[in-house]
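Line order of the protein sequences matches chains A and B.
Under the working numbering, the letters of the first sequence match residues 12 to 269, in that order.
Under the working numbering, the letters of the second sequence match residues 216 to 615, in that order.
Just so you know, these hints were derived from the structure itself, not from any lab.
Fair warning: this is a prediction, and the values are worked out from it, not measured in the lab.
Any given hint could be a false lead.
Capping the alpha-carbon separation at 30 Å, the derived lysine-lysine pairs in DSSO-like fashion look like this [as the list claims (entries may be wrong)]: (1) B:Lys438 to A:Lys155; (2) A:Lys155 to A:Lys77; (3) A:Lys16 to A:Lys77; (4) B:Lys273 to B:Lys459; (5) A:Lys147 to B:Lys572; (6) A:Lys210 to B:Lys539; (7) B:Lys406 to B:Lys438; (8) B:Lys406 to A:Lys146; (9) B:Lys438 to A:Lys146; (10) A:Lys210 to B:Lys406; (11) B:Lys422 to A:Lys135.
Below, a sample of chain A positions facing chain B; criterion: calculated Cβ distance under 7 Å [what the hints assert, rightly or not]: (12) Leu156; (13) Ser160; (14) Lys217; (15) Val226; (16) Tyr227; (17) Val228; (18) Leu244; (19) Leu246; (20) Arg253; (21) Ser254; (22) Trp261.
Backbone N, C-alpha and C define an ideal beta-carbon position, used for all residues, glycine too.
Each chain is listed here by its residues.
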Amino acid sequence: MQARKVSLSTGELTYFVAGEGRPLLYLHPAGGVRWTQVLEGLAESFALHVPVMPGFDGTSAHGSVKSMQGLAKLMGEFIDKVIGGPTDVMGCSFGGCVALWLAAERPDRVDHLVLECPAVFRPKGSRPADAEARKKLLFLHPEKLPPESKPVEQEAANRRMLPHYRAPDDPDSELLEKVASIDKLALILHGTADRIIPKESVQLLKSRLPRSYLVYVWDAAHAIEVDQPERMLSLVEGFLQRSEGFIVNWGTLAVNPG
Amino acid sequence: MACRFWCPSRPRAKRFDQRKQDAETRLKFSFFHLMPYTHLELESHDWPFPNRYFDPAKASALYRTYVESMIHAEACGFDWVGCNEHHFSPYGMMANCNLIGGALAYPTKRVKIAMIGNLVPLNNPIRIAEEYAMLDCMSGGRLVAGLMRGIPHEYLAYNIPPGESWERQREAVQLIIKAWTEPEPFGWEGKHFQYRQVSIWPKPMQKPHPPLVISASNADSAKFAAEMRATMGMVLLADLPSGKECIRIYRETARANGWEPTAENVLVGMHTCIAETDEDARRWMAHGLKYFDQVLMGGLQASQRIVLQKTRYFENDESRDRWKSRLDKRRTLTLDEAIERGTVLCGSPETVVKQIKRIHGELGHGVFNFTVKVGTLPDEVIRRGMELFRDRVHPHVRDL
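From just these sequences and the hints, can you work out the full model?
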């Protein structure tokens, strides 16, 4: 994984790159970039690009980027300047919301969409401020967290950037109106033990997003990448490589398994 | 002339509500059938039981007799008719009890069709969700959906690792509930089950889904039943103290999970024989139990011992030892001792009324599950017992 910087119209953006192949843009969750087994695995087949949203992980905020739409536009500019053409986009939680805005605002720059427990259409209610309480909600198997993971305090500091981009109880009504017009093939993932994003939110998304598949990952909470990395990697790779064909069980005798 | 569109006055509506409420809260009785094959003349300790001894013509007659008894149970005041799944043994001839459920759906009108039930870890969970949804629609919303883990030897029949039984059970139950309740097509990426697109036709009639029964004969399973908000099922009670303890754990876990079970959420079952006199009932029960223990259970006990000794079917040694001791206890207990301990109902109608009151007083459950076909207990004796239940037992115990 290499850290790089690029100068965009609103300021400098830090990003990481790893692997070779078809480009894949990964948009991180509110806790910041978490280098998981899933990302490592994807980097073996894809040219993975992981931008750090302004203000996260110790980077500076961009003064004029103050909304989810603004972040999406910035990611569009990042694709133009760094990737240079349409790319598959994967977003986790907060990053999933940015990915949807990106698909809505810059459809010419998005191919497949992978939305891991996307933080959209959430019911009103308080979120735990306490870092340990949040950790319990995030992970069903915290013992699987990579040893070099950032401390919870750092993740908490990242989360303090959220109000900069969206109101805490934003119902995403504007996004909800736009979702039906997104015609990208999308895979929505939700952990069966997710207590941060309720299943009703992803069901609503699935019902509005025309070309979407919703898959529940069993024995996983919000951070599916951490709780069930092997199963998630296999699922995402299958979807990105086979498009609609990922619903077929290819077995071992497939004529063209690739 | 009476008004065709009579509007019920307040007191009358109240009486109706009261009757409905009474019907919902009174003690329920389930007529449960194992459907054993009863034409064997040898003891066996082999598993599987060699099927060269199976006569399809005799089985055909047995199925007819058994199904007719279950249909007749409705007229005898029973609230549920129940059956379950077993494999490779004369112990029970229902490899798929849903077929029997289908045969019961149309000739009956009121009784709940209780499948207690499909062995979830052994089967395709989506198929279970589909077949149960069919039964619920066919019966007009009368299905009771048992999601059982199965006794140890069943894992040999379907070549499923017994050590995976709990994981498979937990995952499959959640998947089945999803298949019944999801508003949109969905995929499932589990450890034991994977489906890319699920959207079952039909969906169940009862909303959000049919009531569940989950076996709860030990602490672990009682906890799981409570977590799933299912009725706890102890289809064959081992003894009253252990039953009481399971009920305590179940209620405690339910409260911790934010709900309060009603009496009807506790099902307790036992071998049952009602005859004109105590002597007749004991004689017939002893006759049936001899075949049950020596023929039907012989091979099962041998295979279960292998599973228990060689695998992690139970999550801990304590649960395994309790199961083994329960098997041993059943084998060594005399009929008199079993009646005394409250694990068998047997006697004249008046005696059985007393036994029911005593057991219900101890356990406070809401559903009594009568296993009526014990080994070779004759079907005409069972029929007479059903009538005695209707006329001389049920009127004295239904309002407990």
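| Ser254 (chain A) as chain B interface residue, shortest Cβ-Cβ below 7 Å | violated (13 Å)
| field | Straight-line alpha-carbon gap Lys273 (chain B) to Lys459 (chain B), limit 30 Å | value | Between Lys273 (chain B) and Lys459 (chain B) the Cα gap is close to 41 Å, so the pair fails against 30 Å, i.e. violated.
| said: Check the hint pairing Lys406 (chain B) with Lys438 (chain B) against an upper bound of 30 Å on the C-alpha distance. | reply: holds (22 Å)
| Going straight from one Cα to the other, do Lys438 (chain B) and Lys146 (chain A) come out at no more than 30 Å? | This hinted pair holds, its Cα atoms lying about 25 Å apart.
| query | Is the shortest C-beta separation between Ser160 (chain A) and chain B less than 7 Å? | reply | violated (23 Å)
| said: Quick check on the hint: Arg253 (chain A) CB to chain B CB, less than 7 Å? | reply: violated (11 Å)
| field | Pair hint Lys210 (chain A) and Lys406 (chain B), alpha-carbon separation not exceeding 30 Å | value | This hinted pair holds, its Cα atoms lying about 20 Å apart.
| said: With the threshold set at 30 Å, check whether the alpha-carbon distance from Lys147 (chain A) to Lys572 (chain B) stays at or below it. | reply: Since the Cα atoms of Lys147 (chain A) and Lys572 (chain B) sit roughly 47 Å apart, the hinted pair is violated (cutoff 30 Å).
| task | Would you settle whether the hint for Leu156 (chain A) is holds or violated, based on the nearest Cβ-Cβ distance to chain B being less than 7 Å? | result | violated (20 Å)
| said: So if I understand the rule, the pair passes when the alpha-carbon distance is 30 Å or less; does Lys16 (chain A) with Lys77 (chain A) pass? | reply: holds (21 Å)
| task | Please verify that hint: Val228 (chain A), Cβ, nearest Cβ of chain B, below 7 Å or not. | result | holds (5 Å)
| message | Does Val226 (chain A) hold up as a contact with chain B if the rule is Cβ-Cβ below 7 Å? | response | At about 3 Å, which falls below the 7 Å cut-off, the nearest Cβ of chain B leaves the hint on Val226 (chain A) intact, so it holds.
Of the numbered hints given earlier, the model fails hints 2, 4, 5, 6, 12, 13, 18, 20, 21 and 22; all others are met.
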